[in-house]
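Visitor: Using the hints provided, position chain Y relative to the given structure of chain U.
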Amino acid sequence: NAGVTQTPKFQVLKTGQSMTLQCAQDMNHEYMSWYRQDPGMGLRLIHYSVGAGITDQGEVPNGYNVSRSTTEDFPLRLLSAAPSQTSVYFCASSYSGSGQGDGELFFGEGSRLTVL
Amino acid sequence: KNQVEQSPQSLIILEGKNCTLQCNYTVSPFSNLRWYKQDTGRGPVSLTIMTFSENTKSNGRYTATLDADTKQSSLHITASQLSDSASYICVVTRGSTLGRLYFGRGTQLTVWP
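Chains U and Y, in that order, give the protein sequences.
Take the first sequence: its position 116, counting from 1, is numbered 117 in my numbering, and each next residue is one higher.
Take the second sequence: its position 57, counting from 1, is numbered 142 in my numbering, and each next residue is one higher.
One chain only, chain U, in its complex shape:
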């Protein structure tokens, strides 16, 4: 059982480049989300989805796009990378469609992004 799989694990970009962080889960979870984790900061929600075709903004959505065409996949797109987007990104899923913490969040292993 793979759980939540994120790719790539490491990525270096130049300012202005675009890229997509991939996230896939095999637990048939309705809720999926993306967080960024910076030193000294808690996990901050970027975007989330409560089901295929439904996405919404979190706390820090600027500079990021998401889509949810299938239950399994929730890619995060950086349109024009900036040094401020240097961070560790975590994808998480939960069986709770409401996104409430009634459901345990299952996290991927993280994607470390550096923007030069």
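Hints were generated in silico from the structure; no laboratory data involved.
Hints are all accurate, no fakes.
Computed far set for chain Y versus chain U, every beta-carbon distance over 12 Å:
(1) Lys-102
(2) Thr-148
(3) Thr-163
(4) Leu-167
(5) Pro-198
Here are the simulated DMTMM-like pairs of lysine to aspartate or glutamate, each with C-alpha atoms no more than 25 Å apart in a straight line:
(6) Lys-156(Y) - Glu-60(U)
(7) Lys-142(Y) - Glu-105(U)
(8) Lys-86(Y) - Glu-60(U)
(9) Lys-156(Y) - Glu-105(U)
Just so you know, even glycine gets a beta-carbon here, dropped at the ideal spot from N, CA and C.
Guide: Coordinates of chain Y only, in the frame set by chain U:
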């Protein structure tokens, strides 16, 4: 303002010793509180969940407490092991908001041999 504050920010203990991590929150209305363990370079993993009616819950050497009146939770680790070295994150769910969890910044625990 809905917030989650954890203390201490970091903690160093010797192997075999006990320790207690604190989490204070102002999130309202309260739904539940989870403690996650995050090993270095890994994603967080849930240790335990506390609901409004629960005071204490154990998971092996980890014991979480909740005082909903004072809006405080603690995570007690007994007979610490080197593998307990990690960041411990407190996450509180606001009961009425879709998709809204409130994360503490974590306590970095280091266990020395």
